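Those sequence lines, one after another, are chains A and B.
Under my numbering, the final residue of the first sequence carries the number 276; numbering is consecutive throughout.
Under my numbering, the final residue of the second sequence carries the number 183; numbering is consecutive throughout.
No lab work stands behind these hints, which were simulated from the structure alone.
All of these numbers come straight from a predicted model, not from anything done at the bench.
Some clues are possibly wrong.
[Unchecked claim] No more than 25 Å apart at the CA atoms, straight line, and that leaves these computed lysine-lysine pairs for PhoX-like: (1) A/K61 <-> B/K165; (2) A/K16 <-> B/K68; (3) B/K88 <-> A/K61; (4) B/K88 <-> A/K16; (5) A/K61 <-> B/K156; (6) A/K16 <-> B/K164; (7) A/K61 <-> B/K132; (8) A/K61 <-> B/K68; (9) B/K68 <-> B/K88; (10) B/K165 <-> A/K16.
[Unchecked claim] These stretches of chain A come out as covered by chain B in the derived footprint (C-beta under 8 Å, 3 or more residues): (11) 39-45; (12) 180-192.
[Said to hold, decoys possible] Here are the computed distance ranges between Cβ atoms for each label pair: (13) A/G17 <-> B/M158: 27 to 37 Å; (14) B/S159 <-> A/E18: 49 to 59 Å; (15) B/D150 <-> A/Q32: 27 to 37 Å; (16) A/Q32 <-> B/E46: 18 to 28 Å; (17) B/S134 <-> A/Q32: 32 to 42 Å; (18) A/W82 <-> B/M158: 53 to 63 Å; (19) B/T15 <-> A/P35: 36 to 46 Å; (20) B/E91 <-> A/L106: 41 to 51 Å; (21) B/M158 <-> A/Q39: 44 to 54 Å; (22) B/S159 <-> A/G17: 45 to 55 Å; (23) A/T100 <-> B/L92: 38 to 48 Å.
Idealized CB from N, CA, C, for every residue including glycine.
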Amino acid sequence: MSTDLDILLQLRRYAKGELSEAERQAVEALLQEQPELRQELTLTQSLIRATEDLELQRLLKVVEAVPSRPEKPSPLTVVWDWVATMLYPRPALPTLATVTTLLLVLVAAIWWMRTPAVEPYPEFIANAYIEPVNTRNVRGATTLEHPVDLAYRAFDMGKYDETLLALKNVPEADSLYLDVLFLRGHAYYRSNRYDLAAQSFNRFLELYPQSSYKKKPNPDNANWTRILALDKLYRQDPSDRRKQALLEAIRNFMETADQTDSYYKKAGTLLNILEG
Amino acid sequence: MNCPDETVIELILDTGRRTEYQAVKCLRKCEPQTFGVLIRMSLRDENERRSIFNLALAEFILQVRQGKFILTGAAKICTYVTEIARRKWLELSRKQKQDPVDLPDEVPVMPDTSEVDEAYQARVYAALKRLKPSDQEILVAFYFFDIPLDEFAARKKMSHEAAKKRISRARERLKEILKPNNP
């Protein structure tokens, strides 16, 4: 007996529970009228399950034919599997790209931590200047006041023009002439006349080796303040010429200065800042 | 092989043999995740783990083709496959303990299932297996996947009439095998 395709379709939908109430009632009425259709319905119900089982078995064969992951996983997989067993849902094994990126980030972080940070210029320059020390006590000065003593007093009070005025008429032959140049340099520096400050310290450094006087001002302080004056000039006019003059002054100073004192360390820091 | 979830679904929906193989190859990426969960559920036997995973893959492909699995941002394939495997293992282990528990049945709901005799069901399945592959194919398409005959005919590049004849003959052959006097 050949069953009409429409009836087959309705029986299938009936068996799967896909019919509306009216359609379902129509099919049930048909089953009452034609009892031989009950056999068709039973066969349809069986075929729905049997075809699913058949398709599942076919797919299972396909799945089994595709090779599984290698039996011996890589050490990375073993470690990852061990870690991932504790997590749910299990994260996927990181790709080689992810691992490489993480390693690069790690190496960069270590490199960054090992490289000493360059101190920012504003913080450095705020504490770079070192006040001159009055040589009166080391000189064992008498009650008679030398113009240099007056100048130191004016300088300590922040009266830089008065300092310069006090030093104006001291002759070069005076035993304290190095103090004159030293203090003049500081006074010019503090009153923002950096060119004159640098000139004064240059002269000081020229005469310093020739002087046999024992109680001379600190040459490292003079040299360092000269460098600061050159740095200020470079900041006002950031030309290559100024920069080269400054770098040369720092390098010369570092060759001769005592490597353990604070001036040497400050010069090194400034050199790092300038060289980036 | 690059296998984003969208590609896997495309491969599964394309029912060609070659794409089916590629889809399974892609789905193998879910193995570690599923195995990890099964191990935590105390399934120590590797062979048993593998067969449950294979069964879960086959069932997943069936569900995709039936339109039961829709890929969304939240529905990741491997998580879904792992869930199928997890349920299968629970079902199996409960059966082994002879502790019947009502689990959601993944077989399509049929109103009169109780009327179908299990012995008869087994005979139908055996008869179906004896049919030619082309007969099996059209019966699976019609009864399981609900594919309309004209669509089946278009896929197989045949006329609607030819498809109609093929299903009719396949049913006749099946009935012939099911006759009581047939060995």
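| said: Is 53 to 63 Å respected by the C-beta to C-beta distance linking A/W82 and B/M158? | reply: Taking Cβ atoms as reference, A/W82 and B/M158 lie about 55 Å apart, which means the hint holds.
Does the beta carbon distance between A/G17 and B/M158 stay inside 27 to 37 Å, or does it fall outside? At roughly 31 Å between Cβ atoms, B/M158 and A/G17 fall inside 27 to 37 Å, so the hint holds.
**Request:** Assess, step by step, whether the Cα of B/K88 is no farther than 25 Å from the Cα of A/K61, and give holds or violated.
**Result:** It holds: about 18 Å lies between the C-alpha atoms, which stays within 25 Å.
When you take the CB atoms of A/T100 and B/L92, is the distance between them in 38 to 48 Å? 42 Å, holds
For the pair supplied as a hint, A/K61 and B/K68, confirm whether the alpha-carbon distance does not exceed 25 Å.
-> Roughly 22 Å between the alpha carbons, so the hint for A/K61 and B/K68 holds.
Proposed proximity, B/K165 with A/K61 (alpha carbon, max 25 Å)
Given pair A/K61, B/K165 is violated - Cα atoms ~29 Å apart, limit 25 Å.
- Assess, step by step, whether the Cα of B/K165 is no farther than 25 Å from the Cα of A/K16, and give holds or violated. 24 Å, holds
- Message: A range of 32 to 42 Å was offered for this pair. Does it hold for the Cβ distance of B/S134 and A/Q32?
- Response: At roughly 36 Å between Cβ atoms, A/Q32 and B/S134 fall inside 32 to 42 Å, so the hint holds.
For the hint 45 to 55 Å, verify it against the beta carbon of B/S159 and that of A/G17.
Cβ of B/S159 to Cβ of A/G17: about 32 Å, so the range 45 to 55 Å is violated.
* A/E18 and B/S159 - C-beta distance against the hinted 49 to 59 Å -> 27 Å, violated
Margin query: Please verify the coverage claim for the region 180-192 of chain A: does it have three or more residues whose C-beta sits within 8 Å of some C-beta in chain B?
Written below: Not satisfied, violated; 0 residues make the cut.
Between B/M158 and A/Q39, is the Cβ distance one that fits in 44 to 54 Å? 29 Å, violated
Figure legend: structure checked against the earlier numbered hints; hints not met, in rising order: 1, 12, 14, 16, 21 and 22.
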